[in-house]
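> Taken in sequence, the protein lines are chains A and B. The numbering of the first sequence is my numbering, which starts it at 1 and goes up by one. The numbering of the second sequence is my numbering, which starts it at 258 and goes up by one.
Keep in mind that the hints are not guaranteed to be accurate.
Unchecked claim - Sample of chain A residues at the chain B side, in silico, Cβ under 10 Å:
1. L25
2. G78
3. Q90
4. L99
5. V106
6. L136
7. D151
As the list claims (entries may be wrong) - Straight-line C-alpha distance at most 27 Å; calculated DSS-like pairs for lysine-lysine:
8. A:K224 <-> A:K115
9. A:K111 <-> B:K349
10. B:K270 <-> B:K372
11. B:K304 <-> A:K57
12. A:K92 <-> A:K111
13. B:K304 <-> A:K47
14. B:K368 <-> A:K92
15. A:K47 <-> B:K314
As the list claims (entries may be wrong) - The calculated label-pair distances, taken between Cβ atoms and stated as ranges, are:
16. B:P480 <-> A:M1: 55 to 65 Å
17. A:R62 <-> B:G514: 36 to 46 Å
18. A:E193 <-> B:M315: 28 to 38 Å
19. B:Q308 <-> A:E17: 47 to 57 Å
20. B:Q410 <-> A:G215: 46 to 56 Å
21. A:P18 <-> B:S455: 49 to 59 Å
22. A:K47 <-> B:N352: 27 to 37 Å
It is worth saying that the hints were derived from the structure and are not from the lab. Using N, Cα and C, we set each Cβ at its ideal position, and we do this for glycine too.
Here is how the chains run, residue by residue.
2 protein chains.
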Amino acid sequence: MKEKLTVIKVGGKIVEEPETLNQLLADFSAIEGYKVLVHGGGRSATKLAAQLGIESKMVNGRRITDAETLKVVTMVYGGLVNKNIVAGLQAKGVNAMGLTGADMNVIRSVKRPVKDVDYGFVGDVQQVNAELLGDLIRRGVVPVMAPLTHDGQGSMLNTNADTIAGETAKALAQLFDVTLVFCFEKKGVLSDENDDDSVIPVITPVEFKQYVEQGVIQGGMIPKLENSFSAIDAGVSQVVITLASAINGQGGTIIRG
Amino acid sequence: MKEKLTVIKVGGKIVEEPETLNQLLADFSAIEGYKVLVHGGGRSATKLAAQLGIESKMVNGRRITDAETLKVVTMVYGGLVNKNIVAGLQAKGVNAMGLTGADMNVIRSVKRPVKDVDYGFVGDVQQVNAELLGDLIRRGVVPVMAPLTHDGQGSMLNTNADTIAGETAKALAQLFDVTLVFCFEKKGVLSDENDDDSVIPVITPVEFKQYVEQGVIQGGMIPKLENSFSAIDAGVSQVVITLASAINGQGGTIIRG
Numbered sequence: 001m002k003e004k005l006t007v008i009k010v011g012g013k014i015v016e017e018p019e020t021l022n023q024l025l026a027d028f029s030a031i032e033g034y035k036v037l038v039h040g041g042g043r044s045a046t047k048l049a050a051q052l053g054i055e056s057k058m059v060n061g062r063r064i065t066d067a068e069t070l071k072v073v074t075m076v077y078g079g080l081v082n083k084n085i086v087a088g089l090q091a092k093g094v095n096a097m098g099l100t101g102a103d104m105n106v107i108r109s110v111k112r113p114v115k116d117v118d119y120g121f122v123g124d125v126q127q128v129n130a131e132l133l134g135d136l137i138r139r140g141v142v143p144v145m146a147p148l149t150h151d152g153q154g155s156m157l158n159t160n161a162d163t164i165a166g167e168t169a170k171a172l173a174q175l176f177d178v179t180l181v182f183c184f185e186k187k188g189v190l191s192d193e194n195d196d197d198s199v200i201p202v203i204t205p206v207e208f209k210q211y212v213e214q215g216v217i218q219g220g221m222i223p224k225l226e227n228s229f230s231a232i233d234a235g236v237s238q239v240v241i242t243l244a245s246a247i248n249g250q251g252g253t254i255i256r257g
Numbered sequence: 258m259k260e261k262l263t264v265i266k267v268g269g270k271i272v273e274e275p276e277t278l279n280q281l282l283a284d285f286s287a288i289e290g291y292k293v294l295v296h297g298g299g300r301s302a303t304k305l306a307a308q309l310g311i312e313s314k315m316v317n318g319r320r321i322t323d324a325e326t327l328k329v330v331t332m333v334y335g336g337l338v339n340k341n342i343v344a345g346l347q348a349k350g351v352n353a354m355g356l357t358g359a360d361m362n363v364i365r366s367v368k369r370p371v372k373d374v375d376y377g378f379v380g381d382v383q384q385v386n387a388e389l390l391g392d393l394i395r396r397g398v399v400p401v402m403a404p405l406t407h408d409g410q411g412s413m414l415n416t417n418a419d420t421i422a423g424e425t426a427k428a429l430a431q432l433f434d435v436t437l438v439f440c441f442e443k444k445g446v447l448s449d450e451n452d453d454d455s456v457i458p459v460i461t462p463v464e465f466k467q468y469v470e471q472g473v474i475q476g477g478m479i480p481k482l483e484n485s486f487s488a489i490d491a492g493v494s495q496v497v498i499t500l501a502s503a504i505n506g507q508g509g510t511i512i513r514g
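Looking at chain A on its own, in the form it has when it is part of the complex:
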């Protein structure tokens, strides 16, 4: 039987403010067993870019990453946010190691081809080095992954944190019994968007289809759930969508195959 591993993705807001970061680090530290943290940092990147007079352009929620913006995200995601988390976890006795995809070639990606939109230095994940990650994890190391990859030709690439979490979870599912947790600003997937307590506890593929047909699940939640089912199809045991404050407890919406 495979050992349990939890991959937790937290968005920028939570890790960018000292109070919520401290609470997250405490909650994350308390999670038993093997674990991986994947973080964002978009707000800090936008803030630094603005301070440097660089305009932040977003298309479909993704940052257009020109050469100057790539420097900004490499500094913010790989430096500021990542090292704050790593130092914070070390202080709590968690043997954290910050990683971008370039480090030990953990995640190689390819620069997104230009179609309707030129996203610039944005990477689509090609390969996750699961053996190497798994080996580190089994040795007690807790990877803290920044949303950056590399192209194998010397360039860093900006890569969506949800994608990093999903692809990492899929790759590690070869080696571990993986739960993927997406932290969210709501308690879970809601059946009534006006009622924060209307959390749907479990969603299966059949139910997902029904909810979409009924209009209960709509908008940006649809691709999020499609990604979740894609992870399940690739061997991830379950995906949980929940509040950051609930990563170590019960609650949220569980996505099952």
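Chain B: place on chain A using the hints.
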């Protein structure tokens, strides 16, 4: 017999300009055997600080590191410079891994006590985790170390790159036959400061004393050589002071015990 390991420290200027960086990465890639790269990044930090309206204050060549400056150096050293080097080495087939002292608790330091000068968030190295570094190195990983450590209590600390290189070399001397190379803007230690070719090929402790008494070696070179002899005393086999372009060849000044 211990296996050979080369620890190379390169200053900011070399790693901060694309052309010199590319040459350095090619030269570094060609070094045979186990190796570690330690880099600076001061010029980029000063530049980013200026862009953000933060004044760079230096005392005795060391950066006064207030909270805002700590953010700047964490971004520049741990993010921008480190990841550029790592991605560049990966493209050359070197399995580089970027590390700050916080990552896997590789180097823990203590915030420098305030005496005449309050250096702020500057760390004095307390402990280098040689076993862990040695283990990674033996597995083919090439550590690329940023001049940042952590205090074990959640804070990153700005730490001089020469010190990181020296302390890492000393710690790894327990496990390897270590050569420590300080890259320099001259061909080596000169016997005549007006003649760039007057490189002193070898300096022993007795000769060092004589050169200092004669005034041949003076100024900032004295602490650099004192640090080198301190590394030798701690078990490092030799220290080389040379041009960055000569790290893979002969030349420079060899410091021997």
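> Taking the hints in turn, state whether each one holds.
Taking the hints in turn, this is what the structure says about them:
no. : hint                          : result
1   : L25                           : 8 Å, holds
2   : G78                           : 4 Å, holds
3   : Q90                           : 5 Å, holds
4   : L99                           : 8 Å, holds
5   : V106                          : 9 Å, holds
6   : L136                          : 9 Å, holds
7   : D151                          : 8 Å, holds
8   : A:K224 <-> A:K115             : 22 Å, holds
9   : A:K111 <-> B:K349             : 18 Å, holds
10  : B:K270 <-> B:K372             : 30 Å, violated
11  : B:K304 <-> A:K57              : 24 Å, holds
12  : A:K92 <-> A:K111              : 37 Å, violated
13  : B:K304 <-> A:K47              : 18 Å, holds
14  : B:K368 <-> A:K92              : 18 Å, holds
15  : A:K47 <-> B:K314              : 24 Å, holds
16  : B:P480 <-> A:M1: 55 to 65 Å   : 58 Å, holds
17  : A:R62 <-> B:G514: 36 to 46 Å  : 57 Å, violated
18  : A:E193 <-> B:M315: 28 to 38 Å : 55 Å, violated
19  : B:Q308 <-> A:E17: 47 to 57 Å  : 24 Å, violated
20  : B:Q410 <-> A:G215: 46 to 56 Å : 51 Å, holds
21  : A:P18 <-> B:S455: 49 to 59 Å  : 54 Å, holds
22  : A:K47 <-> B:N352: 27 to 37 Å  : 34 Å, holds
Comparing the model with each numbered hint stated earlier shows that hints 10, 12, 17, 18 and 19 do not hold.
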